[in-house]
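2 protein chains.
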Amino acid sequence: METFEDYLRSFTQLTELEIKQIQGCSLPVSLRRRQLLLREGDVCRHKIFVARGLLRTFRVRPDGLESTMRFSAEKGWAIDPESYVDQTPSHYRIEALESTKVLLWTRECMEELFETIPSFRLISERLREKSLNYSQQRIFINISHTAEEKYEDFIQNHPDLFRRIPLHLVASYLGVSRETLSRIRHKRHGGH
Amino acid sequence: METFEDYLRSFTQLTELEIKQIQGCSLPVSLRRRQLLLREGDVCRHKIFVARGLLRTFRVRPDGLESTMRFSAEKGWAIDPESYVDQTPSHYRIEALESTKVLLWTRECMEELFETIPSFRLISERLREKSLNYSQQRIFINISHTAEEKYEDFIQNHPDLFRRIPLHLVASYLGVSRETLSRIRHKRHGGH
DNA sequence: CGATTCTTTGAAAACAGTCAATCTGTGTGG
DNA sequence: CCACACAGATTGACTGTTTTCAAAGAATCG
Numbered sequence: 029m030e031t032f033e034d035y036l037r038s039f040t041q042l043t044e045l046e047i048k049q050i051q052g053c054s055l056p057v058s059l060r061r062r063q064l065l066l067r068e069g070d071v072c073r074h075k076i077f078v079a080r081g082l083l084r085t086f087r088v089r090p091d092g093l094e095s096t097m098r099f100s101a102e103k104g105w106a107i108d109p110e111s112y113v114d115q116t117p118s119h120y121r122i123e124a125l126e127s128t129k130v131l132l133w134t135r136e137c138m139e140e141l142f143e144t145i146p147s148f149r150l151i152s153e154r155l156r157e158k159s160l161n162y163s164q165q166r167i168f169i170n171i172s173h174t175a176e177e178k179y180e181d182f183i184q185n186h187p188d189l190f191r192r193i194p195l196h197l198v199a200s201y202l203g204v205s206r207e208t209l210s211r212i213r214h215k216r217h218g219g220h
Numbered sequence: 029m030e031t032f033e034d035y036l037r038s039f040t041q042l043t044e045l046e047i048k049q050i051q052g053c054s055l056p057v058s059l060r061r062r063q064l065l066l067r068e069g070d071v072c073r074h075k076i077f078v079a080r081g082l083l084r085t086f087r088v089r090p091d092g093l094e095s096t097m098r099f100s101a102e103k104g105w106a107i108d109p110e111s112y113v114d115q116t117p118s119h120y121r122i123e124a125l126e127s128t129k130v131l132l133w134t135r136e137c138m139e140e141l142f143e144t145i146p147s148f149r150l151i152s153e154r155l156r157e158k159s160l161n162y163s164q165q166r167i168f169i170n171i172s173h174t175a176e177e178k179y180e181d182f183i184q185n186h187p188d189l190f191r192r193i194p195l196h197l198v199a200s201y202l203g204v205s206r207e208t209l210s211r212i213r214h215k216r217h218g219g220h
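In order, the protein sequences belong to chains A and B. Plus 28 on top of the position in the first sequence (first one is 1) and you've got this note's numbering. Plus 28 on top of the position in the second sequence (first one is 1) and you've got this note's numbering.
Bear in mind the hints are in silico, worked out from the structure with no lab data behind them. You may find that some hints are simply not true.
Since the list gives no way to pick one copy over another, a pair counts as held whenever it fits inside one copy or between any two copies.
No more than 27 angstroms apart at the CA atoms, straight line, and that leaves these computed lysine-lysine pairs for DSS-like [claimed, not checked]:
| no. | residue 1 | residue 2 |
| --- | --- | --- |
| 1 | 129 | 215 |
| 2 | 158 | 103 |
| 3 | 75 | 215 |
| 4 | 75 | 158 |
Just need the whole structure built from these sequences, with the hints factored in.
What follows is the structure in structure tokens.
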């Protein structure tokens, strides 16, 4: 898979051989729109790399309300870290929003790669740090900003995605109703 | 410092010698109420362990609104991970809510300890995972729950703290106005 | 194209924020 | 001990925002 190799090369710490090795451990999977990679109750057994397409990680409340935790597009990752690390049942669902190609690694497989290729572990840790920083940022936005500002911030942080994701799913990511987000967008783009 | 030793012992992976060693690298500091450990613009140079008292990590918006990211009580940690890791200026302020005793370690010091005591690194990584899980949980609550439910959740997660922290600071943690939280609490505890 | 999904709109109701005033408890200094 | 200041909590009236419900319009998939 081209995309993944390019992605790993961008870190400039890995040899071509190592890249092949990491890639070689992965299981490529193709998904149709709507297809699920994980559902609540399952244990999240893989780290997921998105080579093409778009994934959505979300949670369904008893009343049917969906809350989106994350969108993962090309060169992005998806996982339920809690379920993956502890091998406990997940609360989340991971679904393809478009037809999507992913690479999967089991935890055992990843651990083995980390042992063999120390710089790959560093890269992975660096990613986890970024993920934590982003979460902090998102919490801050959520407790301090208005719905308008949250939408603005989402556009800043995902300039490539906000046209690609149905508005009602963005709403479920921001924690506002689709109607509200529709009206915000209407105001923002000045009538339209 | 007794508290820290007890805390480390609770992980049951460290020898007494190692505990002494970790403890020995730390710088103990006492803080009065209101005193700051970090202010915005500073680089966060230390990991902070709270041996006694209570810290609050928060951010001040241009209009003066304060948003609390975290409370750290006895046997808890405080840090701005982003500033600490990248050594960039922080956006946060860390302040003592009560008179507080903390232990500080510089990043260099921590790295050295991790090299010397591998199981201490594991413990630290485990803590970071928990921190990430908790952040995810908090995001989920924030985008899907009502103010009431958020307050309820806060009480569940911090049963020891919610009586100790002024209500208006809890409000700034939940992202609601103090008046709203006051009314929620009134309803909840049935008049009183 | 037909069915489904997604988006928009309007009106009413629920909710939360703001402002201003009051109340409570604590600690200080006279 | 009292008076006072201060920080925190509460309350009421009002305003503004967001949700909800219902319906209809637009876009897209197969």
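Evaluated hints:
Taking CA atoms no more than 27 angstroms apart as the test, residue 129 paired with residue 215 passes in neither setting, with 36 angstroms inside one copy and 51 angstroms between copies. In this assembly of identical chains, the alpha carbons of residue 158 and residue 103 lie at most 27 angstroms apart whether taken from the same copy (15 angstroms) or from different copies (25 angstroms). For a Cα distance limit of 27 angstroms, the shortest separation of residue 75 from residue 215 qualifies neither inside one copy, at 40 angstroms, nor across copies, at 45 angstroms. Taking the shortest alpha-carbon separations for residue 75 and residue 158, both the intra-copy value of 16 angstroms and the inter-copy value of 18 angstroms come in at or below 27 angstroms.
Checked against the numbered hints listed earlier, the structure breaks hints 1 and 3; every other hint is satisfied.
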